[in-house]
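> Full structure from sequences and hints, please.
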Amino acid sequence: MSDHSPMAVYGALERGGRVIESLIILAQFVVLAVAAKEIGKSSLWIGLPLISGFLLTGVLAGPYGLGMLGSDAIPHLRFIDEIALAFIAFAAGSELELSHVRNSLRVILSILLGLTVVVLSMGTVAYLLLADYIPFMQNMESGAVLSVALIGATIMVARSPSSALAIIKEMRARGPFTQTVLGVTVLMDAVVIIVFTVNVSLADVLIRGITFHFAFVWYLLFEIVLDIVLGLTIGQILRLILSLPFNSSIKTGLILLTGYGLFYLSGILHETHLGPIPVGIFSEPLLIGLIAGFYVANYTRYRGELQKIIEDAAPWVFLAFFTLVGLSLELSVLRHAWIVAVILLVVRLVGIYIGCFLGRLALGYSGGQNFIFGMTFITQAGVSIGLAKEVGVEFPEWGNEFATLAIAVVVLNQLIGPPCFKWALRMAGEAHPPAETPEFDGVRDVLICGVDEQSLALARLLKRHNWEVQLADIEAQRIDRLVWPEVEVHHLAAITPEALRAIRIEKVDVMVVMLDDETNYQLCELVYEQFGVPHLVARLYDQANVARFQALEVLTIHPNAAIINLLGHCVRSPSAASIILGQEVNQDVIEVTVSNEALRGVALRDLPMPVDTVIVSIRRNGHILLSHGYTRLEMGDEVTIVGSPGSLEEVQWQFESLSVP
Numbered sequence: 012m013s014d015h016s017p018m019a020v021y022g023a024l025e026r027g028g029r030v031i032e033s034l035i036i037l038a039q040f041v042v043l044a045v046a047a048k049e050i051g052k053s054s055l056w057i058g059l060p061l062i063s064g065f066l067l068t069g070v071l072a073g074p075y076g077l078g079m080l081g082s083d084a085i086p087h088l089r090f091i092d093e094i095a096l097a098f099i100a101f102a103a104g105s106e107l108e109l110s111h112v113r114n115s116l117r118v119i120l121s122i123l124l125g126l127t128v129v130v131l132s133m134g135t136v137a138y139l140l141l142a143d144y145i146p147f148m149q150n151m152e153s154g155a156v157l158s159v160a161l162i163g164a165t166i167m168v169a170r171s172p173s174s175a176l177a178i179i180k181e182m183r184a185r186g187p188f189t190q191t192v193l194g195v196t197v198l199m200d201a202v203v204i205i206v207f208t209v210n211v212s213l214a215d216v217l218i219r220g221i222t223f224h225f226a227f228v229w230y231l232l233f234e235i236v237l238d239i240v241l242g243l244t245i246g247q248i249l250r251l252i253l254s255l256p257f258n259s260s261i262k263t264g265l266i267l268l269t270g271y272g273l274f275y276l277s278g279i280l281h282e283t284h285l286g287p288i289p290v291g292i293f294s295e296p297l298l299i300g301l302i303a304g305f306y307v308a309n310y311t312r313y314r315g316e317l318q319k320i321i322e323d324a325a326p327w328v329f330l331a332f333f334t335l336v337g338l339s340l341e342l343s344v345l346r347h348a349w350i351v352a353v354i355l356l357v358v359r360l361v362g363i364y365i366g367c368f369l370g371r372l373a374l375g376y377s378g379g380q381n382f383i384f385g386m387t388f389i390t391q392a393g394v395s396i397g398l399a400k401e402v403g404v405e406f407p408e409w410g411n412e413f414a415t416l417a418i419a420v421v422v423l424n425q426l427i428g429p430p431c432f433k434w435a436l437r438m439a440g441e442a443h444p445p446a447e448t449p450e451f452d453g454v455r456d457v458l459i460c461g462v463d464e465q466s467l468a469l470a471r472l473l474k475r476h477n478w479e480v481q482l483a484d485i486e487a488q489r490i491d492r493l494v495w496p497e498v499e500v501h502h503l504a505a506i507t508p509e510a511l512r513a514i515r516i517e518k519v520d521v522m523v524v525m526l527d528d529e530t531n532y533q534l535c536e537l538v539y540e541q542f543g544v545p546h547l548v549a550r551l552y553d554q555a556n557v558a559r560f561q562a563l564e565v566l567t568i569h570p571n572a573a574i575i576n577l578l579g580h581c582v583r584s585p586s587a588a589s590i591i592l593g594q595e596v597n598q599d600v601i602e603v604t605v606s607n608e609a610l611r612g613v614a615l616r617d618l619p620m621p622v623d624t625v626i627v628s629i630r631r632n633g634h635i636l637l638s639h640g641y642t643r644l645e646m647g648d649e650v651t652i653v654g655s656p657g658s659l660e661e662v663q664w665q666f667e668s669l670s671v672p
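Per my numbering, residue 12 is the first one in the sequence shown, and the count goes up by one each step.
In case anyone wonders, no lab produced these hints; they're calculated from the structure.
Virtual Cβ for every residue (Gly too), placed ideally from N, Cα, C.
Among these hints, one or two may not hold up.
In silico DSSO-like links for lysine-lysine, alpha-carbon gap of 27 Å or less [unchecked claim]: (1) K262 / K518; (2) K433 / K180; (3) K48 / K474; (4) K319 / K474; (5) K433 / K474.
Pairwise CB distance ranges, derived in the manner of DEER restraints [claimed, not checked]: (6) P545 / R471: 37 to 47 Å; (7) W664 / E32: 25 to 35 Å; (8) E447 / P256: 44 to 54 Å; (9) R515 / L255: 52 to 62 Å.
What follows is the structure, encoded as structure tokens:
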């Protein structure tokens with residue numbers, strides 16, 4: 012028989028009210044996250060990291076800003092924190108690839124040990140000496156002060172593998188210096204999370220004033236072993252999820268749900284007491300998640316799929332996480348202790364330099380590269396902020412204030428870290444970044460390297476479409492046999508910058524290489540790094556070389572595969588294939604670059620285009636956008652248009668002229 016007493020009805024209404032309140036807060040947060048995404052994009056334009064915009068949005072909307080969401084809203088959004096933290100742990104573990112450390116393990120471990128010991132020691136001393144100047148530490152007992160110092164110093168040790176990998180890819184860095192830096196960085200997070208687990212357990216004892224018991228040592232070991240076992244178990248669950256015949260969206264949802272389950276399990280264990288130690292089992296979800304990600308990346312065949320899911324989901328997860336971090340920042344702490352954050356930043360920088368020096372000195376290296384080594388270990392991001400947020404949950408009395416101070420130091424490191432990292436890679440001579448792309452001069456120039464029947468046919472086709480065509484070859488004999496006065500033909504005696512400048516490579520908009528694969532690669536690499544030609548196209552003979560060319564952003568064409576794909580389009584979409592093949596007399600396709608300043612911000616539906624033309628897609632910042640009437644143009648957009656030849660000429664002039672007709 013159901014209970015309809017007033018108290019039961021009141022309880023049901025109260026629970027329903029809490030659900031509605033949570034949904035309203037969640038809806039407000041979604042709106043806030045959308046705004047944070049746009050502000051984050053703006054932060055990139057002024058040279059700040061993307062997360063700075065997310066944090067700023069949270070701060071502006073939080074209790075210390077516009078008050079859109081107050082401090083009472085944070086508990087309702089705690090599940091977002093937990094999902095994001097588990098995701099960060101999975102990501103950190105998946106980046107911990109054994110191939111990064113195997114070849115130079117001795118050097119990596121020596122530098123890792125030097126950094127950990129020195130930064131941890133100096134950070135602990137710095138927190139202890141600054142305790143009287145940090146508001147929330149001023150009235151603490153000595154045990155609590157030591158706890159804060161240990162935990163704060165541990166977070167100072169952390170690095171950012173994801174940022175390091177992104178910078179290395181951006182700079183196309185390779186060599187022993189880069190390999191060592193990457194190995195130290197990816198191993199560091201594992202070390203930091205283990206040290207953090209130990210220090211938080213120790214802090215729990217110190218803050219409670221519990222007398223030290225020898226069983227506490229075994230208790231710590233038990234907690235770490237338990238986390239390892241749980242991590243391997245979660246790794247098996249991730250492996251099962253990745254093996255399911257579902258699309259990536261469903262798998263992503265299941266992985267995020269598994270991450271949330273880590274915190275739920277951790278909460279249950281925290282209420283469990285074993286032996287004579289009167290504290291619960293501190294099971295660290297970040298350590299469990301890191302081990303799970305490490306297991307999948309190194310001991311299953313799903314590493315690539317897991318990393319792809321993480322890469323696709325990361326922008327959205329980080330958007331929600333860092334916006335929520337901004338909401339929960341206690342700005343009153345920074346108002347009184349901003350100078351402390353700067354001092355901690357300086358202490359960390361000095362500790363990094365000394366740690367690198369001692370780590371390399373132990374191996375007999377001189378101090379020549381110590382400074383540039385140190386510049387690569389400044390950047391912090393997800394794991395560091397995740398650990399700080401964990402402290403806020405574990406020690407609610409002072410944890411949020413601590414997290415604010417720690418996150419302020421992380422943000423400062425994130426501001427100066429990436430530029431220093433790039434500078435260090437250049438100083439080490441291992442950076443190979445792309446050259447800056449020159450501005451479009453209004454004339455479409457193409458350089459075709461390789462003289463044969465296919466290259467000549469391509470040259471004739473492009474000439475009919477009003478391209479300025481140059482031909483070049485490394486074999487003088489092939490050039491001597493060619494008689495075509497309408498096209499400039501050059502002999503490349505050597506693949507050098509001087510030889511390419513001699514044929515005015517700076518004017519070229521597209522370079523097509525049609526020689527052997529190795530020569531093609533040499534040409535593409537040289538042009539990519541020193542001349543910034545906007546588009547590179549390569550005809551390949553060996554599909555195994557595709558990855559090398561894609562790293563240079565080269566569009567690769569394998570003759571056999573191209574024919575098969577074209578035949579497939581002829582079957583599935585005959586009309587589109589006939590346009591591509593040039594068999595439609597009154598239809599053609601072109602790609603134009605928006606260089607008309609008057610078109611900036613204009614919606615496609617407002618463009619005065621001929622009625623027989625259609626915009627198919629827009630390429631912006633390397634990404635294809637499926638266009639619609641409300642899509643607004645930006646300078647540099649590459650717009651693909653289908654229409655009649657006469658109308659396409661008119662549209663091309665409209666997009667590239669100085670004013671709208």
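> If a hint holds in the structure, say so; if it doesn't, say that too.
Hints, verified against the model:
Distance hint between K262 and K518 is unfulfilled; the C-alpha atoms sit about 47 Å from each other, more than 27 Å. For the given pair, K433 sits about 11 Å from K180 by alpha-carbon distance, which is consistent with the 27 Å threshold. For the hint linking K48 to K474, the alpha-carbon distance of about 44 Å lies beyond 27 Å, and the restraint is violated. About 41 Å separates the Cα atoms of K319 and K474, which puts this hinted pair outside 27 Å; it is violated.
Straight-line distance between C-alpha atoms of K433 and K474 comes to about 42 Å, which puts the hinted pair past the 27 Å bound. Separation of P545 from R471 is about 23 Å and departs from the stated range, judged on CB atoms against 37 to 47 Å. At roughly 58 Å, the beta carbons of W664 and E32 sit outside the given window of 25 to 35 Å. For the hinted restraint 44 to 54 Å between E447 and P256, the CB-CB distance of approximately 45 Å keeps it satisfied.
At about 55 Å, the beta-carbon gap between R515 and L255 stays in the expected band of 52 to 62 Å.
Going down the numbered hints, you'll see the structure goes against 1, 3, 4, 5, 6 and 7, while the others check out.
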